[in-house]
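Chemist: Residue numbers (the working numbering), protein chains in the order written: chain A, 1 to 113; chain B, 1 to 132.
In case anyone wonders, no lab produced these hints; they're calculated from the structure. Some clues are possibly wrong.
Derived pair list, reagent style DSS-like, types lysine-lysine, alpha-carbon separation capped at 25 angstroms [to be verified]:
hint : chain 1 : residue 1 : chain 2 : residue 2
1    : A       : K43       : B       : K77
2    : A       : K63       : B       : K80
3    : A       : K63       : B       : K37
4    : A       : K26       : B       : K77
5    : A       : K87       : A       : K26
6    : B       : K36       : A       : K87
7    : A       : K43       : B       : K80
8    : A       : K87       : B       : K77
9    : B       : K130      : B       : K77
10   : B       : K80       : A       : K26
11   : B       : K80       : B       : K130
12   : A       : K26       : A       : K43
13   : B       : K130      : A       : K87
14   : A       : K43       : A       : K87
15   : A       : K26       : B       : K130
Taking beta-carbon pairs under 8 angstroms as the criterion, some of the chain A residues facing chain B (in silico) [said to hold, decoys possible]:
hint : residue
16   : L22
17   : G52
18   : A56
19   : V81
20   : L89
21   : G94
22   : I96
23   : K97
24   : L103
25   : G107
26   : A108
27   : L110
Don't be surprised by glycine CBs; every beta carbon is placed ideally from N, CA and C.
Next come the chains, spelled out residue by residue.
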Amino acid sequence: MIEWYFMLMMVVATFIGGIGALFLKKGSSEANGNLLQQILNTKILIGFFFYGLASAISLVALKFVDVSIIYPMTSMSYIWVAIFSNKFLGERIGNIKITGILLIIVGAILLAA
Amino acid sequence: MAAKKSNKQSGLMQRLALPIVVVSTLFTAFGQYFIKKGLNQAQIALLPDILNLLNSSFVFGFALYGIGAVLLIIALKYKKLSVVYPIYALGFIWVALLGLFLLGESLSPTNWAGVVVVVMGVSLIGVGDKHD
Numbered sequence: 001m002i003e004w005y006f007m008l009m010m011v012v013a014t015f016i017g018g019i020g021a022l023f024l025k026k027g028s029s030e031a032n033g034n035l036l037q038q039i040l041n042t043k044i045l046i047g048f049f050f051y052g053l054a055s056a057i058s059l060v061a062l063k064f065v066d067v068s069i070i071y072p073m074t075s076m077s078y079i080w081v082a083i084f085s086n087k088f089l090g091e092r093i094g095n096i097k098i099t100g101i102l103l104i105i106v107g108a109i110l111l112a113a
Numbered sequence: 001m002a003a004k005k006s007n008k009q010s011g012l013m014q015r016l017a018l019p020i021v022v023v024s025t026l027f028t029a030f031g032q033y034f035i036k037k038g039l040n041q042a043q044i045a046l047l048p049d050i051l052n053l054l055n056s057s058f059v060f061g062f063a064l065y066g067i068g069a070v071l072l073i074i075a076l077k078y079k080k081l082s083v084v085y086p087i088y089a090l091g092f093i094w095v096a097l098l099g100l101f102l103l104g105e106s107l108s109p110t111n112w113a114g115v116v117v118v119v120m121g122v123s124l125i126g127v128g129d130k131h132d
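Work out the full structure, taking the sequences as your base and the hints as a guide.
Modeler: Next up, the structure:
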C-alpha cells in the first residue's frame with residue numbers, strides 16, 4: 001500500500017517545481033543585456049534551485065515508491081504550472097490546453113505501466 | 001532600421017521558440033541519462049571518491065543538461081510558460097526510447113500507447129498556443 005505521505009511528498013515536490021518554473025519565466029522575461037547576464041539573473045537561479053529541490057524530493061520518493069506511481073504523479077506539475085501561469089502570469093488556459101494536459105497525464109500513466 | 005531588424009529577429013524567434021523547446025527536452029533527457037550513467041560509474045564509497053564524479057559521463061551529462069537549460073530560458077523569452085512547460089512531457093518519451101535503445105529495456109503496447117497519447121497532448125498544447 002502506498003503510504004499517503006509519499007503521495008503528499010510528490011504533491012509538494014511538483015508544487016515547488018511549478019514555483020521554480022514560474023521564477024524561470026519571470027527571470028527570462030526580465031533579463032536583458034548579454035546572454036551570460038540573462039542566464040544568471042537572480043530569478044532564474046532561484047527557479048533552477050526550486051527545480052533542483054523538486055527533483056531531489058522526487059528522487060527520495062522514488063526510493064520508496066515504484067516508478068509506475070511516481071512517474072504519473074510528476075505530471076501533476078503540469079497542472080500546477082497551468083494554475084500558476086493563469087493566476088500569476090495572466091496566461092489564458094483554454095480548453096485545448098486543458099485537454100492537452102489531461103492527455104499528457106494519461107500518457108504518463110500508460111508509459112509508466 | 002534597427003527596430004525593423006529586431007522585429008524580424010523576434011518574429012523568427014517566435015517561430016523557432018517551440019522547436020527550440022523540443023530540442024531542449026532532448027538535451028535534458030540525454031543529460032539525465034549520462035548523469036545517471038556517471039553516478040553509477042563513480043561508485044562513491046568515501047567522500048574523497050567524489051572526485052570520481054568528474055568522470056566523463058557525469059560531466060558530459062551536466063553539460064547537456066546546461067545546454068538544455070539555456071535553450072529553455074531563451075524559449076521562455078518568447079513563449080508563454082503554459083505552452084513551454086508541458087512540452088517537457090516529451091521527456092517521458094525520450095527516456096522511454098533511451099531505455100529501449102541504450103539499456104535494452106522493452107516497451108509494452110501500453111507503453112507505446114502512452115507515447116502516442118503524450119505526443120497528442122503535446123501537440124494540443126502547441127495548437128492551444130496559437131488559439132489562446
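Chemist: Would the hint on A/L22 be counted as holding, given a Cβ-Cβ threshold of 8 angstroms to chain B?
Modeler: Holds, because the Cβ-Cβ distance from A/L22 to chain B comes to roughly 7 angstroms (cut-off 8 angstroms).
Chemist: Mind checking the alpha carbons of A/K87 and B/K77 for me, to see if they're no more than 25 angstroms apart?
Modeler: holds, 19 angstroms
Chemist: Within a Cα-Cα threshold of 25 angstroms, do B/K80 and A/K26 meet the stated pairing?
Modeler: Given pair B/K80, A/K26 holds - Cα atoms ~11 angstroms apart, limit 25 angstroms.
Chemist: For A/K26 and A/K43, compute the direct alpha-carbon distance and say whether it is at most 25 angstroms.
Modeler: holds, 7 angstroms
Chemist: For the pair we were handed, A/K26 and B/K130, check the Cα-Cα distance against 25 angstroms.
Modeler: holds, 21 angstroms
Chemist: Are the Cα positions of B/K130 and B/K77 separated by 25 angstroms at most?
Modeler: Holds, at about 16 angstroms.
Chemist: Measure nothing beyond the straight line between the CA atoms of A/K63 and B/K37; if it is 25 angstroms or shorter, mark the hint as holding.
Modeler: Holds: A/K63 and B/K37 sit about 18 angstroms apart, inside 25 angstroms.
Chemist: Holds or violated: A/K87 and A/K26, Cα atoms, limit 25 angstroms.
Modeler: holds, 13 angstroms
Chemist: Does the alpha-carbon distance linking A/K43 and B/K80 stay inside the 25 angstroms limit?
Modeler: OK: A/K43 and B/K80 at ~17 angstroms, within 25 angstroms.
Chemist: Taken at face value, is the distance from the CA of A/K87 to the CA of B/K36 at most 25 angstroms?
Modeler: Violated, at about 36 angstroms.
Chemist: Closer than 8 angstroms between Cβ atoms is the bar; does A/A56 clear it against chain B? Give me holds or violated.
Modeler: Check failed: Cβ of A/A56 comes no nearer than 13 angstroms to chain B, outside 8 angstroms.
Chemist: Would the stated hint for A/L110 survive a check requiring a Cβ distance to chain B of less than 8 angstroms?
Modeler: It holds, given that the least Cβ distance between A/L110 and chain B is near 3 angstroms, below 8 angstroms.
The earlier numbered hints that this structure contradicts are 2, 6, 17 and 18.
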